[in-house]
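In terms of my numbering, the sequence shown opens at residue 1 and continues consecutively.
Be aware that a few hints might be false.
[Stated by the list, open to error] Calculated pairs, BS3-like style, for lysine-lysine (alpha carbon to alpha carbon, straight line, at most 30 Å):
# : residue 1 : residue 2
1 : K251      : K180
2 : K203      : K251
3 : K107      : K203
4 : K40       : K251
5 : K203      : K180
6 : K40       : K180
[Stated by the list, open to error] Computed beta-carbon distance windows for the label pairs:
#  : residue 1 : residue 2 : range
7  : T147      : V47       : 38 to 44 Å
8  : H20       : S249      : 47 to 53 Å
9  : R230      : H20       : 34 to 40 Å
10 : P183      : H22       : 30 to 36 Å
11 : E67       : S155      : 40 to 46 Å
12 : A211      : L56       : 23 to 29 Å
13 : H26       : T64       : 16 to 22 Å
14 : E67       : N166      : 30 to 36 Å
15 : N166      : Q127      : 21 to 27 Å
16 : Q127      : V25       : 36 to 42 Å
17 : V25       : V47       : 21 to 27 Å
18 : H22       : N166      : 31 to 37 Å
19 : A273      : P183      : 31 to 37 Å
Calculated directly from the structure, the hints in this document are not laboratory data.
For each residue, glycine too, the CB sits at the ideal point set by N, CA and C.
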Amino acid sequence: MMDNRGHVACAVVGITANRHLHDGVHRDWLRRRYIEALTKYASVECVILPTLDGDLPCDSTARTFREVMRRLDGLVLTGDESDLDPDILRKNERVWARAEDDIVPCKTDRPRDRLSWVALTVAGELQMPVLGICRGLQEMNVHRNGTLHEDLSLSHKGITHRENTNLPRDEQYLPVHSVKVAPGGLLSSVIESEELRVNSLHKQGVAEVGAGIRVEAVADDGVVEALSYRNSPTFQLALQWHPEWHASSDKTSQRIFRAFGSACDAYRTQRSAR
Numbered sequence: 001m002m003d004n005r006g007h008v009a010c011a012v013v014g015i016t017a018n019r020h021l022h023d024g025v026h027r028d029w030l031r032r033r034y035i036e037a038l039t040k041y042a043s044v045e046c047v048i049l050p051t052l053d054g055d056l057p058c059d060s061t062a063r064t065f066r067e068v069m070r071r072l073d074g075l076v077l078t079g080d081e082s083d084l085d086p087d088i089l090r091k092n093e094r095v096w097a098r099a100e101d102d103i104v105p106c107k108t109d110r111p112r113d114r115l116s117w118v119a120l121t122v123a124g125e126l127q128m129p130v131l132g133i134c135r136g137l138q139e140m141n142v143h144r145n146g147t148l149h150e151d152l153s154l155s156h157k158g159i160t161h162r163e164n165t166n167l168p169r170d171e172q173y174l175p176v177h178s179v180k181v182a183p184g185g186l187l188s189s190v191i192e193s194e195e196l197r198v199n200s201l202h203k204q205g206v207a208e209v210g211a212g213i214r215v216e217a218v219a220d221d222g223v224v225e226a227l228s229y230r231n232s233p234t235f236q237l238a239l240q241w242h243p244e245w246h247a248s249s250d251k252t253s254q255r256i257f258r259a260f261g262s263a264c265d266a267y268r269t270q271r272s273a274r
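Generate coordinates for the entire structure from the input sequences, incorporating the hints supplied.
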């Protein structure tokens, strides 16, 4: 069967950037692996969404982003080395204004936290397809008022969820533990498997699941490894692992990206018809 999507305008997705501060210079950055996997296997075009400093009130920023995201067909929340600050994403008593410690390398990235709150808020309003990866899963949970373990090594001793930094980068992203996939869920319908082997490169993890969230997969030590938003009219799925890194050789990762791409195509068709 020929894929004719190359002959028509394809879906466009927004991908969250991260903030990098080096030598006093602020940079928004994103690993190419996300774009490569999305372009090849989801068959979408990608635009990078910039991080936010918090100079404007969150509601004003959301209004601006709403106009941008009306032109998009999907949202991807990427991973990052920094820890999530739940106070940015909580719906109640949100802390938004810029602070001196907003960016601490490998620890804090509040400009990214602000971006993710706005992007998830608008994506929810627009009922847009969403794919969260690693940090993105944690953001999707906290955005629904879920909570996080700040350091899984202190609360879960069964599995080491952090990468082995002594290994070459490609090897850090190889599968290291199993996850059990919940039957009857979104992830199960996509991958058609009850168990997966996944990579694991995260310090934080889900503690309490947020409102309206379905757990899609768990590790043997109970850590939530995948979740979705219940009652969503479209594909809104998050994975604690990184499907993008070895997507070229992993059929399961390819299936996930294709399912997301198909949802973005369907959303684009509906959006064009409005």
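Now the hints, each set against the structure:
A distance of roughly 17 Å separates the Cα atoms of K251 and K180; the hinted pair therefore holds under the 30 Å criterion. Straight-line distance between C-alpha atoms of K203 and K251 comes to about 26 Å, which keeps the hinted pair within the 30 Å bound. Restraint check for K107 and K203: the C-alpha separation of about 10 Å stays at or below 30 Å, so the hint holds. For the given pair, K40 sits about 13 Å from K251 by alpha-carbon distance, which is consistent with the 30 Å threshold.
A C-alpha spacing of about 20 Å is found between K203 and K180, which places the hinted pair at or below 30 Å, so the restraint holds. Of the pairs offered as hints, the one joining K40 and K180 holds, with about 27 Å between alpha carbons and a cut-off of 30 Å not exceeded. The hinted range of 38 to 44 Å is not satisfied by T147 and V47, whose Cβ atoms lie roughly 32 Å apart. For the pair H20 and S249, the supplied restraint of 47 to 53 Å is violated, since their beta-carbon distance comes to about 29 Å.
Look at R230 against H20: about 35 Å separates their beta carbons, and that is inside 34 to 40 Å. Distance hint check for P183 and H22: the Cβ-Cβ separation is about 46 Å, which falls outside the suggested range of 30 to 36 Å. Hint check: E67 to S155, Cβ distance near 41 Å, so the stated range 40 to 46 Å holds. Between A211 and L56 the CB atoms are about 28 Å apart, so this pair conforms to the stated range of 23 to 29 Å.
Between H26 and T64 the beta carbons are some 19 Å apart, a value that agrees with the proposed interval 16 to 22 Å. Taken as a hint, the range 30 to 36 Å is violated for the pair E67 and N166, whose Cβ atoms sit roughly 47 Å apart. About 44 Å separates the C-beta atoms of N166 and Q127, a value inconsistent with the hinted range of 21 to 27 Å. Between Q127 and V25 the CB atoms are about 38 Å apart, so this pair conforms to the stated range of 36 to 42 Å.
Between V25 and V47 the beta carbon distance is about 23 Å. The supplied range of 21 to 27 Å therefore holds. Hint check: H22 to N166, Cβ distance near 24 Å, so the stated range 31 to 37 Å is violated. Hint check: A273 to P183, Cβ distance near 34 Å, so the stated range 31 to 37 Å holds.
This entry does not satisfy hints 7, 8, 10, 14, 15 and 18, going by the numbered hints stated previously.
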